[in-house]
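Undergrad: For reference, the chains in residue letters:
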Amino acid sequence: MRPATFWLAAVVVGAAFFGLSLQVPNQYYFQAGYVVLQYIVLATAWNILGGYTGYVNFGTAAFFALGAYSTVALYKLLPLPLPVLVMIGGGVSGVVGFGMGYLTLRLRGAFFSIATLALAVVMQTLITNWEFVGGSRGAYILRPAQVPLLGNYIIYLFLVMLVLSVLAIGIARSIERSRLGFGFAAIRDDEQAAEAAGVPTLRLKLAATTLSGALMGMAGAPLPYYVTYLDPASGFNLAYAVNSIAMPLIGGMTSWVGPLIGALFLGTVQQLATVTISSALNLLIVGLLLVAFVVIAPNGIVGLFNAFLASIRERGLRKHWKRAGGDAVRRESPR
Amino acid sequence: MTAALLEVRDLGKRFGGFTALDTINLSLRAGERLGLIGPNGSGKSTLVNCLSGTLRHDSGSVRFDGRVMDGLPAHQRTRLGMARSFQLPKPFGSLSLADNIRIPLLYTVNARRHGRHLAPAELDGRCGELLQLVGLADKAGRRPRDLTQVEMRKLELARAMAAEPKLLIADEAMAGLSHSEVDDILALLSALNERGITVILIEHIMRAVMSFSERLIVLVAGRKIADGPPQEVTRNPDVVRAYIGE
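Chains A and B supply the protein sequences, listed in that same order. Position in the first sequence counted from 1, then plus 5, gives you this note's numbering. Position in the second sequence counted from 1, then plus 20, gives you this note's numbering.
Since the hints were derived computationally from the structure, they do not count as laboratory data. Careful, some of the hints might be misleading.
Unchecked claim - Label-pair ranges, simulated between beta-carbon atoms: (1) B/G91 to A/R323: 55 to 61 Å; (2) B/G91 to A/A14: 45 to 51 Å; (3) B/T168 to A/F270: 36 to 42 Å; (4) B/R87 to A/E319: 48 to 54 Å; (5) B/D144 to A/A9: 18 to 24 Å; (6) B/A139 to A/N134: 51 to 57 Å; (7) A/I317 to B/G196: 34 to 40 Å; (8) B/H137 to A/A312: 30 to 36 Å; (9) B/G196 to A/M6: 40 to 46 Å; (10) A/Q32 to B/E142: 53 to 59 Å; (11) A/G140 to B/D144: 53 to 59 Å; (12) B/R136 to A/A312: 39 to 45 Å; (13) A/Q197 to B/E252: 33 to 39 Å; (14) A/L243 to B/H134: 46 to 52 Å.
Claimed, not checked - To give an idea of the chain A side of the interface with chain B (calculated C-beta under 10 Å), a few residues: (15) G156; (16) D194; (17) D195; (18) T259.
All C-beta atoms in this analysis are idealised placements derived from N, C-alpha and C, irrespective of residue type, glycine included.
The task is simple: from the sequences and hints, build the whole structure.
TA: What follows is the structure in structure tokens.
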């Protein structure tokens with residue numbers, strides 16, 4: 006599918022989904038749906054750096070919270086419409102992503118990951134001590150009860166996050182088969198060989214951290230309006246970092262579908278567990294699923310599906326050979 | 021005399037207190053086939069890494085195709101026409117063979133064309149041609165993990181070739197291969213050389229080096245101890261001493 010066609014399809018699916026969602030009479034649906042959509046954005050954003058480029062980022066919460074806190078800061082300075090806040094949050098986190106990339110991308114593997122974790126701690130400390138945005142006490146945001154056309158504000162937040170999900174997925178899909186995407190894949194597989202093949206690895210890694218960070222910031226920007234009270238402990242919650250790693254891992258990291266499936270699956274399970282069992286159980290579920298997937302399906306749900314397809318194709322070919330008399334040209338199945 | 025394609029002046033590289041390369045001088049004509057030999061640890065791979073930009077040299081300078089390469093990152097040297105293969109093949113494991121070739125096409129050939137990029141069909145065509153050249157065309161959709169050692173080396177060479185280099189540095193492209201496989205790779209390198217590509221061959225297999233090279237350079241402990249026609253160099257007493265001992 007051409008990128009333009011895919012964008013169109015994504016927008017149509019998004020619009021249809023929103024249309025269907027409006028039929029749901031229960032407000033809680035939007036409350037829970039927002040969180041799942043937010044994880045689609047976060048998981049997709051994480052995957053651009055982690056899955057495509059192979060750099061595991063433990064600092065998702067930092068980029069996410071920075072987006073949220075730029076909204077808090079602006080809320081106090083001048084009132085801006087939510088879409089503008091989203092752009093600004095994305096911009097701030099993108100800049101920080103670029104800076105982090107510049108400082109840490111000479112580190113590889115676990116060392117890079119540790120540096121991102123450190124970044125999250127440093128950011129949280131800074132925000133906790135910044136009185137203007139509430140410090141450790143946190144900040145209250147008053148959100149309008151209603152918005153024109155849509156009614157309840159939560160539906161508006163849901164729509165904004167849905168648009169961001171479509172945007173994130175569209176970007177991820179466009180990157181995948183593009184020059185940039187091939188460059189990312191080369192870096193993931195072997196950085197030295199990538200350089201030798203002419204790939205400007207540092208520049209591409211910076212592009213990945215910036216883009217990934219910006220999308221995370223955009224996902225975080227509406228958060229203060231969603232929770233209406235934001236403190237550093239919840240903004241920088243470890244769950245954001247853990248989930249945005251677990252979701253692509255469970256879904257599959259090599260394509261845009263993986264994070265989407267992972268976020269839908271894990272996000273929904275978590276929401277269900279929150280209302281039926283207990284909200285504290287969430288991370289336990291994530292942990293158990295991660296262990297299960299690492300053992301059973303190391304390439305995620307997408308990998309499992311591909312292996313299944315390949316085995317069907319293989320079986321079909323074998324039948325074909327038998328019918329063709331055994332030693333007819335033995336065609337190898339692709340992969 | 022035509023200008024040298026590669027001109028290395030007083031190249032030096034140290035790792036801590038260890039001198040890996042000590043004032044190496046060498047020059048290479050366009051179209052030449054140069055063999056580079058030396059015992060293990062003599063600095064052959066370090067020299068390759070310094071030439072190709074994987075390592076930064078500490079002193080001296082490298083001129084390639086009329087440009088000073090000092091301080092240029094590896095990807096820019098590749099774009100300027102200096103390609104290399106790795107001693108241990110480093111394929112892009114998650115990509116198909118065709119996509120392995122596509123990467124240098126996208127990042128070197130397209131980068132040189134300043135906006136007039138190859139069309140997707142042209143790209144596919146070139147990937148096919150290059151795989152054909154090394155005899156891997158029927159495996160274009162496979163992953164590198166399905167390849168044998170010799171096929172892996174061929175993929176490595178095809179990927180280096182995709183960058184349309186003027187100079188190809190083949191770092192032990194034949195290590196661990198069987199007699200007939202060595203001949204395969206040699207034939208391939210000769211074919212590339214006939215297309216006008218200058219080749220530096222780093223190799224332990226003397227049969228291969230002797231039959232391929234027009235000129236031989238010997239490195240011992242980071243120093244160049246001999247440079248000349250292969251037959252003469254192998255009779256050089258210093259070289260004999262380095263390999264066999266007193």
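Undergrad: Hint by hint, note whether the structure agrees.
TA: Hints versus structure:
no., hint, in the structure
1, B/G91 to A/R323: 55 to 61 Å, "holds, 56 Å"
2, B/G91 to A/A14: 45 to 51 Å, "holds, 47 Å"
3, B/T168 to A/F270: 36 to 42 Å, "holds, 39 Å"
4, B/R87 to A/E319: 48 to 54 Å, "holds, 51 Å"
5, B/D144 to A/A9: 18 to 24 Å, "holds, 20 Å"
6, B/A139 to A/N134: 51 to 57 Å, "holds, 56 Å"
7, A/I317 to B/G196: 34 to 40 Å, "holds, 37 Å"
8, B/H137 to A/A312: 30 to 36 Å, "holds, 35 Å"
9, B/G196 to A/M6: 40 to 46 Å, "holds, 43 Å"
10, A/Q32 to B/E142: 53 to 59 Å, "holds, 55 Å"
11, A/G140 to B/D144: 53 to 59 Å, "holds, 58 Å"
12, B/R136 to A/A312: 39 to 45 Å, "holds, 41 Å"
13, A/Q197 to B/E252: 33 to 39 Å, "holds, 36 Å"
14, A/L243 to B/H134: 46 to 52 Å, "holds, 47 Å"
15, G156, "violated, 47 Å"
16, D194, "holds, 4 Å"
17, D195, "holds, 4 Å"
18, T259, "holds, 7 Å"
Of the numbered hints given earlier, the model fails hint 15 alone.
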